[in-house]
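There are 2 protein chains.
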Amino acid sequence: MILTVTLNTALDITYRVRSLRPHSSHRVSEVVERPGGKGINVARVLAALGHRVTVTGFAGGGTGRALRERLGATPGVVDALVPVGGATRRTIAVVDETTGDTTQLNEPGPPVTPAEWAAFQDAYGRLLASASVVALCGSLPPGVPVGAYAGLVRTARAAGVPVLLDTSGEALRRGVAARPDLIKPNADELAELTGSHEPLRATQDARRRGARAVVASLGARGLLAVTSEGHWRAAPPAHVRGNPTGAGDSAVAGLLSGLVENLPWPDRLARAAALSAATVLAPTAGEFDPTAYEELLARVAVTTEASAA
Amino acid sequence: MILTVTLNTALDITYRVRSLRPHSSHRVSEVVERPGGKGINVARVLAALGHRVTVTGFAGGGTGRALRERLGATPGVVDALVPVGGATRRTIAVVDETTGDTTQLNEPGPPVTPAEWAAFQDAYGRLLASASVVALCGSLPPGVPVGAYAGLVRTARAAGVPVLLDTSGEALRRGVAARPDLIKPNADELAELTGSHEPLRATQDARRRGARAVVASLGARGLLAVTSEGHWRAAPPAHVRGNPTGAGDSAVAGLLSGLVENLPWPDRLARAAALSAATVLAPTAGEFDPTAYEELLARVAVTTEASAA
Chain A
1 MILTVTLNTA
11 LDITYRVRSL
21 RPHSSHRVSE
31 VVERPGGKGI
41 NVARVLAALG
51 HRVTVTGFAG
61 GGTGRALRER
71 LGATPGVVDA
81 LVPVGGATRR
91 TIAVVDETTG
101 DTTQLNEPGP
111 PVTPAEWAAF
121 QDAYGRLLAS
131 ASVVALCGSL
141 PPGVPVGAYA
151 GLVRTARAAG
161 VPVLLDTSGE
171 ALRRGVAARP
181 DLIKPNADEL
191 AELTGSHEPL
201 RATQDARRRG
211 ARAVVASLGA
221 RGLLAVTSEG
231 HWRAAPPAHV
241 RGNPTGAGDS
251 AVAGLLSGLV
261 ENLPWPDRLA
271 RAAALSAATV
281 LAPTAGEFDP
291 TAYEELLARV
301 AVTTEASAA
Chain B
310 MILTVTLNTA
320 LDITYRVRSL
330 RPHSSHRVSE
340 VVERPGGKGI
350 NVARVLAALG
360 HRVTVTGFAG
370 GGTGRALRER
380 LGATPGVVDA
390 LVPVGGATRR
400 TIAVVDETTG
410 DTTQLNEPGP
420 PVTPAEWAAF
430 QDAYGRLLAS
440 ASVVALCGSL
450 PPGVPVGAYA
460 GLVRTARAAG
470 VPVLLDTSGE
480 ALRRGVAARP
490 DLIKPNADEL
500 AELTGSHEPL
510 RATQDARRRG
520 ARAVVASLGA
530 RGLLAVTSEG
540 HWRAAPPAHV
550 RGNPTGAGDS
560 AVAGLLSGLV
570 ENLPWPDRLA
580 RAAALSAATV
590 LAPTAGEFDP
600 TAYEELLARV
610 AVTTEASAA
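If you're matching them up, the sequences are chains A and B in order.
1 is the number of the first residue of the first sequence in my numbering; add one for each residue after it.
310 is the number of the first residue of the second sequence in my numbering; add one for each residue after it.
Hints in this document: simulated from the structure, not taken from any laboratory.
Model, not experiment: these values are computed from the prediction.
Yeah, the Cβ is synthetic: ideal placement off N, Cα and C, and Gly gets one too.
None of the hints are false.
Here are a few chain A residues that sit away from chain B, every Cβ distance over 12 Å (derived from the structure):
no.: 1; residue: L49
no.: 2; residue: G50
no.: 3; residue: G72
no.: 4; residue: V78
no.: 5; residue: V82
no.: 6; residue: P114
no.: 7; residue: Q121
no.: 8; residue: D122
no.: 9; residue: S196
no.: 10; residue: E198
no.: 11; residue: G210
no.: 12; residue: S228
no.: 13; residue: N262
no.: 14; residue: L263
no.: 15; residue: A292
no.: 16; residue: T303
Incomplete in silico selection of chain A near chain B, CB under 10 Å:
no.: 17; residue: L20
no.: 18; residue: P22
no.: 19; residue: R27
no.: 20; residue: V28
no.: 21; residue: T63
no.: 22; residue: I92
no.: 23; residue: T99
no.: 24; residue: L105
no.: 25; residue: N106
The following block holds chain A by itself, in its conformation from the complex (with noise of 0.2 Å):
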């Protein structure tokens, strides 16, 4: 199976309201429930790719109830949450029906005392056992120490399971010296790792820095990877509009799906990048559209990219 890591699960409410102003009083039209945090998207999308996935990490309390209750009701993925004494954080997305913008509030998630990282740790190690692939995904809640993240990557390096590591900030800094086989920065996680601006330069000194292969998310312009059997670009036929929210982790998806079944570079970008498109395109954020995503794959370029000087 493939195991997706949450240590900061989330709680995701979509609230839509006619029109959002500061300082006045909102009657919310529609309130919507699902489970989030990173891994826990990954895990949807690759379940609806049809993969066996598991998910753990963290939660807990009233907020970690529901989560887990959506999460049973989901078709292929297998609940290996961790209990924590504190309450799983609720994130808010406040849509305004006027402009169609979103505003997010993210709560920080439960303290973990070090029992329970101990506690989690131990699952994982157990885990690992069946997975034929890792993601470490998303922010880390208060108390896991921020060194987290190499932890959980030599473990997986010493049982022999590809790890992939999506996480932004020190804890991406020092998992990427912990040498994952995977990471997928966007553009600012990037150039917050390497204080390059410059994509292909940028993903070159993230190898350097320890990643085995990096795919970076450039938004319109697509994913660029950098790994050692070549450099390539994918990008879709056209600019796709939408809501990106989710994109990122349906490309997850697709590169541990293409890693899973052992396909070439590019077919795991074509796949990586298709996914990322069709969640734009899908009304509902964080999911992708099936019809499009098929569509989309057959148009993605995957063109190879000279080194940076």
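Got chain A; can you put chain B on it based on the hints?
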């Protein structure tokens, strides 16, 4: 005991953010949750004043469970909420740390089925048997008929229990026609009910529509009372600055406690005005500052008011 009814209870959540900007993403630095809805706020103030209070209304889902857990930890308040299949609504108050402004997002509340509404009416009838006074507070959740408060007013009157109604719009209009003992509209609610923006004239008109007594809360201008025993105005000694959230609920608590203690009208009004001002002054929204309350109580001016022409 004093009985308060909150048909649309809420889990009140307060977020602190650096600065709220629409169409951007925010880290929430602090999350505070507490049981909410007008009748529950009234009960909390009454309990702090030393009264025995029972709260009823609806609660359901994970949010209802969170609300009841916190309510169970509130000394002096007895939980007689009736289960509902849907989830209790959340209200989110987003406090901007830069400006101090609050932006409010209110969910609509769970749909209430006819069977649930019937179960509530049964419970309400039983609770009235041991109630010295009842307060009907706040908005109606979806599915509860707009004439609900009119029916609950009639049931209370038939049981010989004095009834205070604090709601707005059509629910207030219909409730007033059922002849409640007291209503406590704010200036907007009073204008909507009567069509008049002149408070004394509007207050007298509200009595003609059926309310036996009317206490209008006019913000910084204090309270205006029109009763069969006379007309009064009660105002704090000076304009108080702070957060007016819950000031109206504290006024209701003051009026109820004065009623069950058989205080003369001027003393009830002084208590309500002092509690209301002490709520504006308190650092936490909806709480009241007990020291400020005692000081203000001695200094509230209650004056008799001539009738409108």
